[in-house]
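With the hints as extra help, turn the sequences into a complete structure.
Protein chains: 2
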Amino acid sequence: MADVAHATGVSSMTVSRAFKDDASVSKQTRDRIREAADALGYVIDSTASGLSSRKTGFVAVIIPSVSNANFADTLRGLTEGLRETNLQILLGYSDYDVKEEERLVELFLRRRPEAVIVTGGTHTDRCRRFLVNAGVPVVEMWDLPHEPIDQVIGFSNAQAGRLMVQHFVERGYERIGFIGGDTSRDARGADRRAGFLQALCDSGLEATRLVAFGTPPITMREGARAMKQMLSQWPNTQAVMCVSDLSAFGAMTECQRSGLRVPEDMAIGGFGSYDLSEHAIPAITTIDVGARNIGRQAAMRIVALLSSTSQGNWEPMQIEPELIVRHSS
Amino acid sequence: MADVAHATGVSSMTVSRAFKDDASVSKQTRDRIREAADALGYVIDSTASGLSSRKTGFVAVIIPSVSNANFADTLRGLTEGLRETNLQILLGYSDYDVKEEERLVELFLRRRPEAVIVTGGTHTDRCRRFLVNAGVPVVEMWDLPHEPIDQVIGFSNAQAGRLMVQHFVERGYERIGFIGGDTSRDARGADRRAGFLQALCDSGLEATRLVAFGTPPITMREGARAMKQMLSQWPNTQAVMCVSDLSAFGAMTECQRSGLRVPEDMAIGGFGSYDLSEHAIPAITTIDVGARNIGRQAAMRIVALLSSTSQGNWEPMQIEPELIVRHSS
DNA sequence: TTGAAAGCGTTACCAA
DNA sequence: TTGGTAACGCTTTCAA
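If you're matching them up, the sequences are chains A and B in order. Residue numbers for the first sequence follow the numbering used here, beginning at 3 and rising by one. Residue numbers for the second sequence follow the numbering used here, beginning at 3 and rising by one.
The set of hints was computed from the structure by calculation and includes no laboratory data. It is possible that part of the hints are untrue.
[What the hints assert, rightly or not] Which residues of chain A face chain B? A partial, calculated answer using Cβ under 8 angstroms:
{"no.": "1", "residue": "G43"}
{"no.": "2", "residue": "V45"}
{"no.": "3", "residue": "T58"}
{"no.": "4", "residue": "A71"}
{"no.": "5", "residue": "A74"}
{"no.": "6", "residue": "Q90"}
{"no.": "7", "residue": "L93"}
{"no.": "8", "residue": "L111"}
{"no.": "9", "residue": "R112"}
{"no.": "10", "residue": "R114"}
{"no.": "11", "residue": "N135"}
{"no.": "12", "residue": "M222"}
{"no.": "13", "residue": "T255"}
{"no.": "14", "residue": "Q258"}
{"no.": "15", "residue": "D277"}
{"no.": "16", "residue": "H281"}
The structure presented is a predicted model; accordingly, all values stated were derived computationally and were not measured. Glycine included, C-beta positions come from ideal geometry on N, C-alpha and C.
Shown next as structure tokens:
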């Protein structure tokens, strides 16, 4: 920076200002400075400016997985929402593991982010302590935690399970099953299952047809194998909700390989509103939670919190899951 | 840090060392320091340490999209490869836009990353200048650029196109088409198409059945619409290569809706070895480039370059695309 | 609109 | 194994 200042015949202070959009520098000097910088190949050092100004421009974001279209959409919404600000995303994925989440939170906090966004409301104790003491806004998304740390942009996963049961019941199905992964790791999947079970009970239906197969997030293959198990254990099942559209697609292909017609012999519902479920034949009934919108809302709230002087108490934003009925059910 | 030093009765220098793994501090003092830090809620500030040590621990990574399973896999490979190092990924996605890539590179360079990884060999002039002058290792992956900036971990997209043609020809197909997006933005897709065309010419076959539909990356829907167009324009087409598995799946569903049997009436090939193409019915013939491995290799090379004293000239690493034959062709 | 001086929180370097 | 001192490259603050 001193070099650029020298080359332009101004002080380094002026150079610094020339790189801040709002600062008061005459347009003429600013242009001269920028030119000189380009010629010298000078790029401003955010490490130093961050240290000095105590604003790193980072927003730490932790999602369970990037290989999941839903979280990828949320990330897209976040990126869009932060686009016009000078905030940059520091992304990590936890592989659906709270211990890994803790590791990432600790790592990211060292970078002094101006906000932290995590997925879900389930954390290790140590992680929660980190987040509480972070001293910056924290957003928990994709869930409605009982004891929120700070901000919440989410929906009820149990409600998603209930919605699908309600739909099946309206269609007249009575022997209804659920396919998901081993329940320990994926708290949101477990919530969907819990809502599913409760809704069955509320409807006075038998709630025993549960297949848990594979480590969350379960794949198409695991969905297929789970359906195989469902069919052998409870052959007269009429409808199955799957914890995600991917497993629903796998389950459907298994039915088709077994010569079952969907939905005549077996109705199928998924979750997540993937492109796939729209284009599969038959198209798969699913639940849309507006993943991209969740990201956008989280970004908007962060921006609002960081700019407003009044750090007023914001209410949790509750998003309504929406059932999308398609031919598979 | 001064607080922690005070609380422990040592100098801040010792506290600093207690947080570096290799440093020489007696185990006893280190434990005391860590304890005190935990109690005080102290988290080390990488911004300051980065400034002082000139090591930020960042690796800037730019991929076209996170919503693409292939790049998500590469990212996974990168993460795995950097896991045991103290390097952190600074991720950006360019939306298949070189101008956006330029913006990201400039932004990221301010963070003083220790290495930069970009996707493909096509950049704006200004972006290329940034990368050349970055003063850190640069990896171009997913392609074999004619004039590499520095390191290369990639494969020939043209070769991927040729492989599929070769396979179709062996199967006895003669009227072969290609479905992709508008060619301007996706250089790698365009390369695959170029290889496809060249292979057709080499085999003495007509190379006119080309449908370009939608902005890359094209979706299932666009694949379906492109197939519709293909069928109306060249109804006697026997086989179609699609620029990706997603579009291949869309194209296949279009055939099925039109009452065509796959592969008897229309053979289909994709690219990318998505889970989907394995589980679709029929399963889709595709090309695997080992996306995750590309990431892992890129990570390994970065680590090697950053640790070795001999910054010797490394050869481009050329990966061989592999044809995976399935029932759709 | 510009400049000078004093940090920001850490580590490199040298000394004990 | 530990401590003191001087940066690291910027921005804040105050003054002109």
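Broken hints, by number: Going through the list in order, the structure violates no hint and respects every one.
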